[in-house]
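K.L.:
Chains as they are written, first to last, in numbering that gives the first Met the number 0: chain Z, 0 to 474; chain P, 0 to 60.
Any given hint could turn out to be false.
Stated by the list, open to error - So, partial list: chain P residues that the calculated Cβ filter (under 7 Å) puts toward chain Z:
| # | residue |
| --- | --- |
| 1 | Leu36 |
| 2 | Leu45 |
| 3 | Ser46 |
| 4 | Phe52 |
To be clear, the hints were calculated from the coordinates, so they are not data collected in a lab.
The C-beta atom is built at its ideal place from N, Cα and C for all residues, glycine as well.
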Amino acid sequence: MELEESTSPSLEFEREPVPDKAQLGFKHFIGMYAGEHCAGTEFMLGPLFVAAGVSAFDFIFGLLLGNALAVLSWVFVTSPIATRARLTLYYQLEQICGKKLVTLYNLANGVMFCFLAGAMITVSATAVGVWVEFPMPGLTDIYPNSIGWVIAVLIVGSLIAVVAAYGYRMVAKFANIAAPWMVLVFIALGFIGLKQFIDTTGVTITSVGDLWDLATNHIWRGGEPLPGQVKFTFWHVTFFAWFTNLAMHLGMADLSVFRFARKTWHGIASAAGMYVGHFMAWISVSILYALQLHQTPGNTDVLPGPMAFKAAGLAGLLCVIIAGWTTANPTIYRAGLAFQAIVPKWPRFRVTLATGLLATIAGLFPAVAMQLLDFVALYGMLLMPMGAVIFADFWLSEKVGLQPEFARKTGISLNWAAGITWLLTLLLCVVLIRFAGIQIYFVSLPGWIFALFAFLGLSWWMQKNYSRKMILNKS
Amino acid sequence: MKALQIIPWLFLLMLILPSLLFLAGRMTLPEVHTWMLWATILWFALSIASAYFRSKAAGSD
């Protein structure tokens, strides 16, 4: 997952193409992606793979393939449009769909950001449990399970909300400083967990083969998932890694980032984020959780605070707090911006504060964090259709005789073709999940392809009727 | 000024090295914790100072 906007190149040029002089080199995007994708969410996602009963082969090779597919999506889908149009996602969407649909998109985005920030508050609050003793939530808990937990979340969440409302820029700067440190703490956690596994199991490692045996027989053993979790196979891991940032690549949110790239191939910089955050960090944290299950099989709780403290002491605990905080901060800020775009008269300070409090309430319920695998898949699924709309409009509309950027050219505030495409795609995904037995991790690919053709078909119908209406009006 | 920019990176080395030594069986876990904590404190202190001086220098240009 990512630390949005904290390290974004700039907030300028929101309603115009990025000029040549403001464009940035490859190195900038490498640092940005590596930092952004090594965040608080990694502390939850890594262990949840183990809870899902993943095997070593499925995990390692699924991540390698899934992350490669994600990078290719950025390189061949997002980046080419971003470096040609050089517009933000919101502005490009406004040209195609009109202001009303962008408002709806903002609302959906804002709500999802609130839940994501809530999960990060949950992660940070687990650190409080290291100092103060109170019952912490378990893997299958949905509701808050103790007064202590409620107080911890309220304190942590309120602090994060106030800071996001007052000093967002300061935390963003701090996040930039913390990024390389955080990456190395994640690596250190992996090394420490591995050594503890070697000591606990008593195996001797003299070759890569020995290490692989340890991985397959003790760390990622496969088998049945823990209660309440879905069994993850190779394809689950592949699709999950590919679609963790679905909203960013195929969903086109990163148009706003790569519009600053000098060259299209700069999209390959996303590999730094994928293979540092969504490969190395997930592996490291999953080792710690597997170790916990190995040492105390009955203890299935995913509690990043105590887990990191046990492995890396205070530095590990600080990493959990800072990772959760620096991820929640821009997420709350972004959600606030999304809500404020709907009602521009509301002051940004109050909107951000209210959004932070909403995220805190979400953070009280451990279900969001404990089911983060499902939530991340849902987040991507919900926003992905608009990425397909942008792709179809940019590359295919003219080729099939349609007018691209229809809303801008006609001045309409709601492009029904795009709106119905969004609804129909989500409906198709729900039908596939509910009635065809396809899990949420897999429906976004057919959904994206469906959205592509649905938008073209509906646009053809809409534009034909619109032309006829215009001719009638003129005559 | 230049030294102030380079030294924080040495603290990052100090952060990762203990875990490698622990993996190699050359360091105990409590020692790793201590080294990592000091590396963390020093990294943040110097990085923040470095960022402060950089922004001050940019402001005076």
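K.L.:
State for each hint whether it applies.
P.N.:
Results for each hint:
The interface hint given for P/Leu36 holds, since its Cβ lies 5 Å from the closest Cβ of chain Z, which is under the 7 Å cut-off. The criterion of a C-beta within 7 Å of any C-beta in chain Z is not met by P/Leu45, whose closest approach is roughly 10 Å, and the hint is violated. Below 7 Å, beta-carbon pairs count as interface contacts, and P/Ser46 has one with chain Z at about 5 Å; its hint therefore holds. Evaluation of the P/Phe52 hint against chain Z yields a violated restraint, the C-beta minimum of about 13 Å exceeding 7 Å.
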